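Since chain X is already given, all that's left is putting chains L, B and R on it; use the hints.
These protein sequences, in sequence, are chains X, L, B and R.
Those letters in the first sequence? Residues 40 to 143, per the numbering used here, in order.
Those letters in the second sequence? Residues 40 to 143, per the numbering used here, in order.
Those letters in the third sequence? Residues 40 to 143, per the numbering used here, in order.
Those letters in the fourth sequence? Residues 40 to 143, per the numbering used here, in order.
Worth double-checking, as some hints may not be accurate.
For identical chains, the list gives no copy identity; a pair is met inside one copy or between any two copies.
[Claimed, not checked] Computed list of lysine-lysine pairs in DSS-like fashion (alpha-carbon distance at most 27 Å, straight line):
| # | residue 1 | residue 2 |
| --- | --- | --- |
| 1 | K142 | K126 |
| 2 | K140 | K126 |
| 3 | K101 | K75 |
The hints are simulated quantities; they were obtained by calculation from the structure and are not laboratory data.
Everything numeric in this text was worked out from a predicted model, so none of it was measured.
Spelled out, the chains give:
There are 4 protein chains.
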Amino acid sequence: MKEQSIAEIHVVPLGTATPSLSRYVAGVVNTLKQSKDIEYQLTAMGTIIQGPLDRIFELARKMHEVPFTMGAQRVSTTLYIDDRRDKLGSMENKIEAVESKLKS
Amino acid sequence: MKEQSIAEIHVVPLGTATPSLSRYVAGVVNTLKQSKDIEYQLTAMGTIIQGPLDRIFELARKMHEVPFTMGAQRVSTTLYIDDRRDKLGSMENKIEAVESKLKS
Amino acid sequence: MKEQSIAEIHVVPLGTATPSLSRYVAGVVNTLKQSKDIEYQLTAMGTIIQGPLDRIFELARKMHEVPFTMGAQRVSTTLYIDDRRDKLGSMENKIEAVESKLKS
Amino acid sequence: MKEQSIAEIHVVPLGTATPSLSRYVAGVVNTLKQSKDIEYQLTAMGTIIQGPLDRIFELARKMHEVPFTMGAQRVSTTLYIDDRRDKLGSMENKIEAVESKLKS
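The shape of chain X in the complex, shown without the other chains (with noise of 0.2 Å):
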């Protein structure tokens, strides 16, 4: 089984005209489309991507890119990685661990 991570994606155009961002959103979000080896889910305050690292960082990359490719002049991008190598864990797994407690 594949060493998987998981991460947080936040993509902000800074000066845009308006304050809607959603157009540059899911111009970023589309990135993550093509990609066959990874999971992601769309939140309301960024993008959840399952992994494997070295592709995270990749489409991190490749996501920061695309407001530029879109008119934008300055970017602030926030990727927040959470790695665990003592066991393999999922999206799903992380957040069953924690609503099990919470019945309990």
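Just chains L, B and R, lined up with the frame of chain X:
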């Protein structure tokens, strides 16, 4: 209609005996269960909260305290707020706005 | 001796028409100038604050509001807290602890 | 003149048994010492790096790995990039731009 902000919060105890933190995360998320005036969603990377901004700050302060009551000696908390005041939004609206642009 | 936490705060207005944000950052940092009970340091990426934790939350709430009073319609704020309670620390102590280990 | 980005990085080992992390932070910062093409500054909350963006990603990937080589089993890394392409900037320029507006 009341103004609502959306925020993501990560409360991470440092120097715990094991890399497993789900027990602490469950304790932190429990703080939100009794709160009627907010909505929240547990993700693989944190907790997303929607509600009045002052309430979000108040809850973040409480959530930060939880791992200390469970024995932690150092806690790293990140509160990431997205506060848009030109129009009312929600966690669902934000995701829908991106997804409608992904389809087109 | 009073308990002190250390935090970093980023207050970023979105949709500001120009990529230059220093005018807003100056407005945000001004909030701290009148605060006698905290210490702060402006870095290239944000503002580091040292002080009582409740005060840090209170100031973060005020700082977040500043860009709205200057015309912004959307503000993204990140508050990143490092709260260690097993010993008293300061911004200087933390850097010194690392630097002493870098030399050795 | 080469394009430069500015980023802040936090590399935090979890489950380390003691809340003191300076030993790990020193290890992480050591990665930067041999890098001639970047500038960096250690702050109380993280490390600020200035340099070519691809280099920043490459170094972040290396820094993230360091705590694992020192025994950590879980590492949480945050890479926060500010990439402005309408004009050349530096860590010093960014602070000066704010400070000149604070005085006036």
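- prompt: Any of the earlier hints contradicted here, and which numbers?
  reply: none
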